[in-house]
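Asks: As they're listed, the protein sequences go chains A and B. According to UniProt numbering, the first sequence is numbered sequentially starting from 1. According to UniProt numbering, the second sequence is numbered sequentially starting from 1.
Don't take each hint at face value.
A pair holds if it fits inside one copy or across any two, identical chains being indistinguishable in the list.
Below are the DSSO-like pairs computed for lysine-lysine, each with C-alpha atoms no more than 27 angstroms apart in a straight line [claimed, not checked]:
1) K291 x K730
2) K291 x K899
3) K291 x K744
4) K744 x K890
5) K844 x K828
6) K406 x K744
7) K439 x K99
8) K890 x K758
9) K758 x K368
10) K880 x K844
11) K239 x K443
12) K406 x K758
The hints are simulated quantities; they were obtained by calculation from the structure and are not laboratory data.
Protein chains: 2
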Amino acid sequence: MERLDDDYPMQTINNNDKGSGKTFLVHNRSGSLLAELEGQGVMKRNDHYIPVPGEEKATDFGNTKDGCDGKHNQCDFILLGSLSSDEAAPGQKQGPTFKDGRRRVDYVLTYHIQKPQSVRRNTSRFSGSRVLRSLRQTLSLSKSPAMPPPKIDPEIAAQEHRLDYHEDDKRFRQNEFEDNLREMGLELEKDEGNKIPGIGFVKIHAPWNVLCREAEFMKLKMPTRKVYEVKQGSNLVEKINLFIHKVTEPLHPKVESNKPQNIAWEGFDNISLLSPQLLYEEWASYSVFYKYQPIGLIRKYFGDKIGLYFAWLGIYTQMLIPAAIVGVIVFLYGCATVDDNIPSMEICDPRNNITMCPMCDRACSYWKLREACGTARASHLFDNPATVFFSIFMALWAAMFMEHWKRRQMRLNYIWDLTGFEEEEDHRRAEYELRVMKKTLKKQHKSTQRLPLNKKYQSKRDTALPYCNSLTPHTSSHLYKSHRQRLRRLLTPLQVSVTFAIVFGVILYRISIRAALHMSSNPSNIRATVKGTAAVINLIVIIIMDEVYGALARWLTLLEIPKTDKSFEERLIFKTFVLKFVNAFTPIVYLAFFRGRLDLFYFPDDLFTTKRDTCAHAGCLMELCIQLCITMLGKQLIQNNLFEIIIPKIKKLIRRRKSDMDSQQQEDYNLTLQRYEKDHFLGPFEGLSPEYMEMIIQFGMVTLFVASFPLAPLFALLNNIIEIRLDAKKFVTELRRPIAARAKDIGIWYNLLRGLSKVAVIVNAFVISFTSDFIPRLVYQYMYSSDGSMHGFVNHTLSYFNVTEFQPGTAPLQPLHLGYEVELCRYKDYREPPWSNTPYDLSKEFWAILACRLAFVIVFQNVVMLMSDFVDWLIPDIPKDISMQIHKEKILMVELFMKEEKGKKRLRENHSNQSPVQPRCRPSSQETSNC
Amino acid sequence: MERLDDDYPMQTINNNDKGSGKTFLVHNRSGSLLAELEGQGVMKRNDHYIPVPGEEKATDFGNTKDGCDGKHNQCDFILLGSLSSDEAAPGQKQGPTFKDGRRRVDYVLTYHIQKPQSVRRNTSRFSGSRVLRSLRQTLSLSKSPAMPPPKIDPEIAAQEHRLDYHEDDKRFRQNEFEDNLREMGLELEKDEGNKIPGIGFVKIHAPWNVLCREAEFMKLKMPTRKVYEVKQGSNLVEKINLFIHKVTEPLHPKVESNKPQNIAWEGFDNISLLSPQLLYEEWASYSVFYKYQPIGLIRKYFGDKIGLYFAWLGIYTQMLIPAAIVGVIVFLYGCATVDDNIPSMEICDPRNNITMCPMCDRACSYWKLREACGTARASHLFDNPATVFFSIFMALWAAMFMEHWKRRQMRLNYIWDLTGFEEEEDHRRAEYELRVMKKTLKKQHKSTQRLPLNKKYQSKRDTALPYCNSLTPHTSSHLYKSHRQRLRRLLTPLQVSVTFAIVFGVILYRISIRAALHMSSNPSNIRATVKGTAAVINLIVIIIMDEVYGALARWLTLLEIPKTDKSFEERLIFKTFVLKFVNAFTPIVYLAFFRGRLDLFYFPDDLFTTKRDTCAHAGCLMELCIQLCITMLGKQLIQNNLFEIIIPKIKKLIRRRKSDMDSQQQEDYNLTLQRYEKDHFLGPFEGLSPEYMEMIIQFGMVTLFVASFPLAPLFALLNNIIEIRLDAKKFVTELRRPIAARAKDIGIWYNLLRGLSKVAVIVNAFVISFTSDFIPRLVYQYMYSSDGSMHGFVNHTLSYFNVTEFQPGTAPLQPLHLGYEVELCRYKDYREPPWSNTPYDLSKEFWAILACRLAFVIVFQNVVMLMSDFVDWLIPDIPKDISMQIHKEKILMVELFMKEEKGKKRLRENHSNQSPVQPRCRPSSQETSNC
């Protein structure tokens, strides 16, 4: 865990506002202050603009986002308590500035200078709606300048998009947008004469007072000077903690080992901490793979949202370590006990003379059970009692992980001052507004039919506009309410049902394809290689379908026209998740639960057939395991390498190619470019959803089918160690610096994780009871075995078949394949023998074992759920030290308040002595709260 | 639902604090303001004092708690915006005042004047620890006068308790306590010369500035003048709402129909709203049983905690209405279809000639299945397919109820201004502190062995005291941490295991008792009357054990020495709940799941015996139903009447008796008494736990076994309609007015309810699949029936027994009882016939039905859980209009803030023009936040 910022020296601003009982605290870490400012959306981007944060990814020292070291206005350095004036000298390696060399560039917006061909070439698909959206934002800015502008999700807005709108309109709107920015107090500088043709830049500087206004508005907290010593417990506990800390010392990134103690350090902070070079060295390099991530640093550079992602990824990876260790132990236990396993010993015994029925019609012949010896031994590796323990362990592990993350998030919230931060009301999407507007126009149209044309147009504009800039819901609430209701009623269930129809269609289609494949591959001997090939084909299908599904989910969500950006994102994520999840897990679910059981449901009349798509003798668990193994490794390798390394490189190359220069020219050209011009060529930041999605599918693999594949956590761990650094590299060097966004938690992903870990319990219960042979073995041992041992289990699981009863055309062509004539052959099922009253009916053993399997599912599910709830209840959501810190801060505030009160009382007494006739306070007077 | 306060006119105090971006809002409803003040614990009670709020329960107009209408100091009436000066005239029906006739009595403390005999007589068991506790409170008050005193749980502290401590010490501490109260700004007046011998009263007045200080400290909000019109949706929706409102008009209590529109109304509010007479008329009277409760009024008079209880009770009762209706419909469906029920028709068919085996050894003989006709028909009432639907319905109902309550609670939180209120850190219990102190003394003792005696004593005191008054945890954190850890490690698991051992011991004991009873009662014919008697005996046992368990839970919790009052309360509630719950449900659980099945688990060698404790032919469901019915009705009637009406009356009588006067004397005497002196004779408020407990057990009855008793919601509804008014009467007339306590939610009760509704799902699944014949019927219909009908089902459920195989001494004494010789008799079980290879073994049908039962449990549990989660997800926790209100209040604040900012900026600009050299702001200067 990162310990950054845990014990900053604190200082209190003892200002006037104490009177209200609310201590106003502002961060003295300017970096974070500004990062949060951005998240709040101080600056807005128009469609014309592409945000390129004015920060070089190279080694220059300084942080352009830190607008507080300029000396340009009445900025109060004491408030910041951090910046010595030396570092604030203008132009001295301070990153890009305005032409006056004093004002820092905080943001750079890019727009396209109107050249018809470039506009045509890159027309965005959604430009119409985007225009509307930005127009609304613009108008909302102009209509209610005092409102905090709504946050645009940078992940969507950051995409490059151009407009094919009317030029005049465009110019007009651009000017209006810039005017609004100025009205908000920002300072702009245009830079159209740059070296990249067709693109103009507007540099934005946020003056100190704007920053302070926003900081105050956001109630940014400032650490107090009082340092509380939270004792970690008794001496022994403290010693252990110290010891642990010493042992893990090399694991902590170097950046955070120096505790901030004085202003000098704060200066250091500003100079070097926010250099991307340090980030690169201490985070984005494979050589530091064993270290904790410098989360504080990441968050300072990329903002809360990305910081939280990496913190989550770190916790997840960390939690995978014990799971991987236990998984390996379970696997090794399987290896060690493979020779003590009586069923596989019996199968491999040379005296074993059991003749099995053919596996397919005509082409196959009888075979000896001995031949399945290898498979039976291999199956034991994944199908032994330790697996049951392991899947209980993993269910609790998942609960622990969720709890651990909650605590970690709480701690980060405290350290990053997000405890009081509330998610803002989201603003509505332009597409939604457009639809509402259209409806209004239609309505209006009907009622104004008799008006002359000109007036009609006028009235249209009048009615349409209020809905465009409606930030205060009550102005348009009536209209949008009725619309929303209609939309909800009609569209949402439709969309949901379409999604689920697709899901189920795909499941059925793929299952039938798989069944067909397996049936045709049955004539040859069933071998691991064949299964492997099938798994590889499956893998390729999964990866291709993944992309298709991603597009499908987006299309479906667009059709739905969600009301707000946030709901758009959540719906998109949910749909993508459902589709991709089903995609990844269909073959696994088929293998685990349906293979060899389908005929039970589909052909009730012809219950007995030998040509079923059955697994090898020792259960489907091994095949499931192979499938899981290949899917996990393959998906991770291909997605990591192909999609995260190679494709971005190719994209970059193509982007270079477009500019029609050879490499020498390119380099020369690069040297002449401003940093923000170079950054323009970097890839855009596409949002965190793909990263989360990848991880959550992996989490599914690790928890859902862990009963069948105890090595899954190990593979996941290895992948994640690489993944972290790969993502880091990508974020630091390959992408434009994302607009920092504020976030208190990981949002919908947490719910998805929770849902997965709940589903995992029941899936594991079913895997253990139905896919593995665990329950049949147990039942045999305690109900049927004559001596309480497993001897005879194999015989018990095999039913008899009278070869004279083959249906016409299904008897093997070579009945003497084994060298002797077969009268009775055996097959793996619990059915009545040919000589019973009801031959080939399901036997009593079948029903007894089925009842036991189901009972096991009930017991397992409820016990594990209870244990998970217990773990949930046992571990407090807020770490003890954090809750004590918060409590102490409250006490401090109370003390301040009471002091203030006493002072006021004295003042008032003095005052009343001077003026004996005391006026009644008015509610609007300043005295009111002091009465 | 109560609509009180929903749309108060709002007014903003535009005071100086806006600069911090925090609008300071204070309620203009003085009643609630003060109620909250009390909850915060402005005034503390010493052990010597018994709180008797100085309010008459009679018809005088005026509210003594409302300290704001006095004219005694610099009180600002405009802030309150409510009180006209006429009403504030002194001495005019304003309730008790100090001797000056101006200052209101807000609290009355009572203490015992030192008379040895009275002190001896009433010595409290826990006086030692209580002294410590009050001492600590006293000291903490004196040590950190600026701290808000910790809240004492009034439910515990309100109990009368006296001390047998040294007189001097007592007097000293009492004086110190009173000094502390004065230092807090309260004004005291002693009244020792009253008419009740041995008891002294101290009247307390809280001046306006103290109230304001606390109000500000608690950040009490004041409604703003701006009234937002939240439109409820489209015209149609509005019309429907209006219609509903008109229809339900008579259901609303009269007090709340007048919307507050002006000051005049507010005056009315103060005069009449807080009169207990109105409460009595509109709430505590049976004649208004069909009305909503005046929740706002209740909360104003009793505080948030009790207000929340009644709000919860109201919602629960309200939600019971649909459940009761559906339950009755289900029951009627059962009645209507009883003649179409093929199995009972077959049993009652005169052609039915099945001979059943005897129900007991020797004494019983063979009997005709026809005899069970009545039972079979009655069973159908509770065991039909509608029951399955009803238990799914009730599971969803429980989820809806929880959601509904969450929303209601949110709305109340908003209306009562609790949204920002955070539960205070709880203070530690004296018992815990005492233990810590003792340990410290022991330690200290060891280290000071060599010091002379005097010094040793001194050092003891020095070390002991800091722990007595440690309100700031870090002073004693080290010590108490290590202690806490040790205590946790050793005591808690021990206690938990003891509780559970008791629980399981009781279960086993009662089950065996029941089994024994049933076995001995078997010789006679099984009749409903016998079952009814058994149920009544059970009921009496339950009610007696309830009291025993209550004491046991308290004793166990005291042993545990929990750290804080809150944890004490929660642990006590949890233990009481577990014990009482087990107590109430053991016989029901036994009937539902164990009766007739025990031998399966206990006598594996002697599987077949006819003398098992079986239910009547058509399943145990009917007996379960009788048991539930009697328990519910009986428990409710007895507990309501006996414990809530009769016992308090008796107690009151005894209290009267003690004063050795006849009734005439008594009346005369009463007339001379002050109101607070009369109140002294009322019963103390014992806390809400018993009320909640009763309701939660009822909730368990309604949800847990609803599958077997669809009329449960109806009974619960009828009970609750009485219960509300009964409780109301008790609170208004029988008890001393409780100290108001602040609370945001119903605390641990919510978790218990949630837990119950989760357990209900699985219990209902088991009741349907195992207790009812639903699954066997279904299985017969689809697997065994020749024509897909239920014909032959009865025959299918009966196995054969060869009468020659009776074990020696068990054959019936009168084998010819039926008039013919019996060779084969039938019994209800799925076993192999005597002529099979494995006679009397469980048959294939048994296992198939068992598997189906278990599969049903799995499907039912998961589907219902999924549906509950879906309901949970579907219904937003915060009502739409409340979230919009909150959002708009935020917007208002933002607007104010931005205006303020602009004003400041202008001011600053002017200022900087005047003084060109601007000084740097210091953190402590008032300008800081304006930079």
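Asks: Next, verify each hint and record whether it holds.
Replies: Results of checking the hints against the structure:
Proximity of K291 and K730 under a CA criterion of 27 angstroms is satisfied intra-copy only: 18 angstroms inside one chain copy versus 65 angstroms between copies. Neither within a single protomer nor between protomers do K291 and K899 lie at most 27 angstroms apart by alpha-carbon distance, with minima of 47 angstroms and 49 angstroms respectively. Taking identical chains as interchangeable, the C-alpha atoms of K291 and K744 lie at most 27 angstroms apart only when both belong to the same chain, with a minimum of 25 angstroms there against 44 angstroms between chains. In the homo-oligomer, the alpha carbons of K744 and K890 lie at most 27 angstroms apart both inside one protomer (21 angstroms) and across protomers (19 angstroms), since each shortest distance falls under that limit.
Both within a single protomer and between protomers do K844 and K828 lie at most 27 angstroms apart by alpha-carbon distance, with minima of 15 angstroms and 20 angstroms respectively. Within a single copy, K406 and K744 get their C-alpha atoms as close as 11 angstroms, and across copies as close as 23 angstroms, so both meet the 27 angstroms cut-off. In this homomeric assembly, K439 and K99 never come within 27 angstroms of each other (Cα to Cα): the closest approach is 49 angstroms inside a single copy and 72 angstroms across copies. When the C-alpha separation of K890 and K758 is checked against a cutoff of 27 angstroms, the pair qualifies neither within a copy, at 37 angstroms, nor between copies, at 37 angstroms.
With identical chains, the CA atoms of K758 and K368 are never at most 27 angstroms apart, being 43 angstroms at best within one copy and 51 angstroms at best between copies. Taking CA atoms no more than 27 angstroms apart as the test, K880 paired with K844 passes in neither setting, with 56 angstroms inside one copy and 57 angstroms between copies. For the identical chains of this complex, K239 and K443 are inter-copy neighbours only, at 22 angstroms across copies versus 75 angstroms inside a copy, given an alpha-carbon limit of 27 angstroms. Taking the shortest alpha-carbon separations for K406 and K758, both the intra-copy value of 16 angstroms and the inter-copy value of 23 angstroms come in at or below 27 angstroms.
The structure does not agree with the numbered hints 2, 7, 8, 9 and 10 stated previously, though it agrees with the rest.
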